[in-house]
Amino acid sequence: MATAAIFSSMRRRRSPSVEAFLAPVDLSEVALVQTLAVISSELVSCFSDKVFFFQRRNSRCLIRKIEVLVVLLEYLKDSESGSMSKLPSTAILCFKELYLLLYRSKILLDYCAQSSKLWLLLQNSSISSHFHDLNQEISTLLDVFPLNDLELSDDVREQVELLQKQARNPKLYVDESDEGLRVKLFSLLDDFGNGRIPNHGDLRLLFVERFWIRNSISFRREIEFLEEQIVNHEGDIEPTACVLNGFVAIVRYCRFLLFGFEEDEVLFLSRDQKKPRKGLIAREIADTFLTVPKDFCCPISLELMRDPVIVSTGQTYDRSSITRWIEEGHCTCPKTGQMLDHTRLVPNRALRNLIVQWCTAHGVPYDPPETRDASAESFATACPIKAAVEANRATATLLIKQLADGSQGAQTIASREIRLLTKTGKENRAFIAEAGAIPHLRKLLSSSSPIAQENSVTAMLNLSIHDKNKRLIIDEGGCLTSIVEVLKLGLTTEARENAAATLFSLSAVHDFKKRIADQEGAIEALAGLLRVGTSRGKKDAVMALFNLSTHTDNCARMIKARAVAELVGALQNEGVAEEAAGALALIVRQPIGAEAVGKEEMAVARLITMMRCGTPRGKENAVAALLELCRSGGAAATERVLKTPALAGLLQTLLFTGTKRARRKAASLARVFHRCENTSLHPRGFRNGNSTTNISTFGGDVSVPMSLSVL
1 MATAAIFSSM RRRRSPSVEA FLAPVDLSEV ALVQTLAVIS SELVSCFSDK
51 VFFFQRRNSR CLIRKIEVLV VLLEYLKDSE SGSMSKLPST AILCFKELYL
101 LLYRSKILLD YCAQSSKLWL LLQNSSISSH FHDLNQEIST LLDVFPLNDL
151 ELSDDVREQV ELLQKQARNP KLYVDESDEG LRVKLFSLLD DFGNGRIPNH
201 GDLRLLFVER FWIRNSISFR REIEFLEEQI VNHEGDIEPT ACVLNGFVAI
251 VRYCRFLLFG FEEDEVLFLS RDQKKPRKGL IAREIADTFL TVPKDFCCPI
301 SLELMRDPVI VSTGQTYDRS SITRWIEEGH CTCPKTGQML DHTRLVPNRA
351 LRNLIVQWCT AHGVPYDPPE TRDASAESFA TACPIKAAVE ANRATATLLI
401 KQLADGSQGA QTIASREIRL LTKTGKENRA FIAEAGAIPH LRKLLSSSSP
451 IAQENSVTAM LNLSIHDKNK RLIIDEGGCL TSIVEVLKLG LTTEARENAA
501 ATLFSLSAVH DFKKRIADQE GAIEALAGLL RVGTSRGKKD AVMALFNLST
551 HTDNCARMIK ARAVAELVGA LQNEGVAEEA AGALALIVRQ PIGAEAVGKE
601 EMAVARLITM MRCGTPRGKE NAVAALLELC RSGGAAATER VLKTPALAGL
651 LQTLLFTGTK RARRKAASLA RVFHRCENTS LHPRGFRNGN STTNISTFGG
701 DVSVPMSLSV L
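Numbering (the numbering used here), first residue to last: 1 to 711.
For the record, the hints were derived by calculation from the structure and aren't laboratory data. Fair warning: there could be bad hints in the mix.
[To be verified] Below, in silico cross-link-like pairs of lysine-lysine (PhoX-like), each with a Cα-Cα straight-line distance of 20 Å or less:
#1 K117 x K50
#2 K468 x K426
#3 K65 x K171
#4 K514 x K468
#5 K386 x K335
#6 K86 x K96
#7 K386 x K443
#8 K423 x K335
#9 K294 x K335
#10 K514 x K184
#11 K599 x K660
#12 K65 x K165
#13 K77 x K50
#14 K423 x K468
#15 K117 x K184
Take the sequences, apply the hints, and build the full model.
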């Protein structure tokens, strides 16, 4: 991995007291030396007693060099100010260069001291090369440093001269022991990929004794660090995200195999572990003054795209982000929610050229990904994927056993891990359900522990994404009832929202829609969440109500539960208005539904507003709802719609500027008015403010199907 890639990964780690490295602008010679003395002393103090599990020799050698520089700088600082003001210009330049080298040393040492142990092994050669580069620059600085022009004591001069000799011609040092462990790590990946899972003793020897991962919390931190690297992975960094996923799965399995389900971790789980990570000060300063254009950022990662590609819906994403999205089992466009017709990714070369130009103009590093051989890449990813599946399968067996027989604390941890495992990958969702997780998760839905309840309902949501699991959940005795109870009385907001999302997922199957609606309090709870929930909760609720409204037998139940009133109210909420209008369009197809909507005082006015200001799909659903209201609501409803101001102009606009389906629905509604005109319901056409527009304006001779599709 290149030096830039190392620093790209490093920027996600905190560097202690890094604020001390703000550029030394306009410092006098005295202030510069004093600053360097303080910084170098801080480095030695901070890292001399640190335990470096890997890169030990490289780290210690660098610290010893800084210790000698501390001696030099402290001597100069303690000298008379007058003598320091006479420093040669060459020495001043060297000290300014030293400032930057100390900054880089701090980053590198901090990285080796605080990073994941497994990540350090995976990056062993690259980090060793980075130490070598730093040693070469220190050697060059010492070679040109005007030592003879400075007034130094014999002792100080002797130490610096010795450092000059030792630093000349530095050699790359890659620790053989560390490299051997790195090879062993990949061998372990190969074993899991081929179905050879090592026994308990071998894994304990490797992870506890050789990798220094000696308790359950340390395993958790290793997993979180590796997952962070996956999320922030850049295409040119090795190992690939696929390989890292394999290692995460193996580490998770070893964690539970070796340390079980320690109950003290429940306290650890209850704390918010996703603390904000502060980037390097240089990056923060750059971000303060430089904003990346929105069109250059990936909608998934929100970071600058390195390899923009186009999916079948026409949206552009960074290749690594959308590839990971598809590999996780998703078959929709993340931005639009539309189904992907295929998974081919077309390079967006025009956008990439613009990004390159912008990066060049603003001095932002940009390394376009190299073209890879598809067959070689497929072969290289096959083993890590198999390893991840096998490790996850073995982990699932341990987790489900704890769900069945473990203590309350162990069950809480197991439910959390199943939630994480089912978050990605259809294989995970399939074999976890097949292994019998659903009955045990159902019991935890009634847990008095907010964490356990939230994890179990979220795991149930994730499992329901896999179509075959929907039937298993519905057929599990009491499971649907328990999900509805969480929706109504869940102990946390997230639990209630995820229960709504689970019902939305299950209601995708037509046969389940009536069973869900018949659950006592289900529709009332969804309607309540639509009224008072968070933005995400309202979205889940309205989508569930939309699905339920597609079953004709549910109409009366939704009216009784006052879901219609809440859907009308939701028309004012931009985030859920589309779906609310779609649900109303389905409900008003039935006379009792049209009657209920007609009784809502603001229903027609809000649908008209959506026709004017809504999204293209929102306009479709709004005009569809008005059309169905006229068809099913009788003369009174039709007249109420007909008398609405500005409707004529909005219909005319839709006929010319709307989507294909919106034009079709607008033409159908125009025909309704045309028939009304023929029966003298509105003999002069229909009014738009003070003007009158005849129905022929709307192209009454347009041939359109009379049936209407909302979706």
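We went through each hint and held it up to the structure:
The suggested pairing of K117 with K50 holds, with an alpha-carbon distance near 14 Å, which does not exceed 20 Å. A hinted pair counts as satisfied when its Cα atoms are at most 20 Å apart, and K468 with K426 qualifies at roughly 10 Å. Restraint check for K65 and K171: satisfied, since their Cα atoms lie roughly 15 Å apart, inside the 20 Å limit. As the CA atoms of K514 and K468 are separated by approximately 19 Å, the hinted pair is consistent with the 20 Å bound.
A distance of roughly 30 Å separates the Cα atoms of K386 and K335; the hinted pair therefore is violated under the 20 Å criterion. For the hint linking K86 to K96, the alpha-carbon distance of about 16 Å falls within 20 Å, and the restraint holds. This hinted pair does not check out: K386 and K443 have alpha carbons roughly 32 Å apart, beyond 20 Å. Using a Cα cut-off of 20 Å, the hinted pair K423 and K335 holds, with the two alpha carbons roughly 19 Å apart.
Between K294 and K335 the alpha-carbon distance is near 14 Å, which keeps this suggested pair within the 20 Å criterion. In summary, the hint linking K514 to K184 is not supported, as the alpha carbons are separated by about 55 Å, beyond the 20 Å threshold. Annotation: proposed proximity of K599 to K660 is violated, straight-line Cα distance about 31 Å (limit 20 Å). Using a Cα cut-off of 20 Å, the hinted pair K65 and K165 holds, with the two alpha carbons roughly 12 Å apart.
A distance of roughly 27 Å separates the Cα atoms of K77 and K50; the hinted pair therefore is violated under the 20 Å criterion. At most 20 Å may separate the alpha-carbon atoms for a hinted pair to count; K423 and K468 meet this at roughly 16 Å. Distance restraint check for K117 and K184: the Cα-Cα separation of roughly 14 Å lies within the 20 Å cut-off, and the hinted pair is therefore satisfied.
Of the hints listed earlier, those the structure fails to meet are numbers 5, 7, 10, 11 and 13, in rising order.
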